[in-house]
Amino acid sequence: MSDNIKQKNNGDFELSITRELRQRKNPFLRPVFAVAAIGALFMILGSVLQMAAESAKDTTGMTPAFQAMEENHLTVHGECVCIKCTLQISDQHHRAIRYRADGNEEKVILLQNNPSMDMNSDYFCNGPTPVLVEGNILTTNGLRILSATAFKAFPAEHK
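Just so we're aligned, residue 1 is where the sequence shown starts under our numbering, counting upward by one.
Be aware that a few hints might be false.
Stated by the list, open to error - Calculated cross-link-like contacts (lysine-lysine; reagent style DSS-like; alpha-carbon spacing at most 27 Å):
(1) Lys107 to Lys84
(2) Lys84 to Lys152
(3) Lys152 to Lys107
In short, the hints are calculated from the structure, not lab data.
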């Protein structure tokens, strides 16, 4: 008999604990905790987005070498070079702009002759001269040529 009493007491104990647990409310169902949990999620999401935006920024603090405004319009900050004197890839003198593109890749784009611009040949043939050029890209015979609409050389910074 005593075994039956123990089993009955054990069963009563389990039932009482089960009833007690069912009567307790989930703390996350309370409005204060729900608001706090949602706020924490927003803070985590915001910090992740902020880190992503900061990693996308240019970390060097410099302006990019070029900015494509339209498909055929280009602003380039690079160097004036002559493809004969400086680059030594041709037998004829021709003006070009050398700049660094995405991934620090060096690119050269030919510059269309424009007598109305102050494109002194000394900027090109006497070695690289820093320059800021804006213009439209023309494609002729498979070559990309920059037709300058604005040209500003910085000979004082000449290497």
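Hint check results:
Our distance criterion of 27 Å between C-alpha atoms is met by Lys107 and Lys84, whose separation comes to about 16 Å. The hinted pair formed by Lys84 and Lys152 meets the criterion: a straight-line CA distance of about 22 Å does not exceed 27 Å. Between Lys152 and Lys107 the alpha-carbon distance is near 19 Å, which keeps this suggested pair within the 27 Å criterion.
Comparing the model with each numbered hint stated earlier shows that all of them hold.
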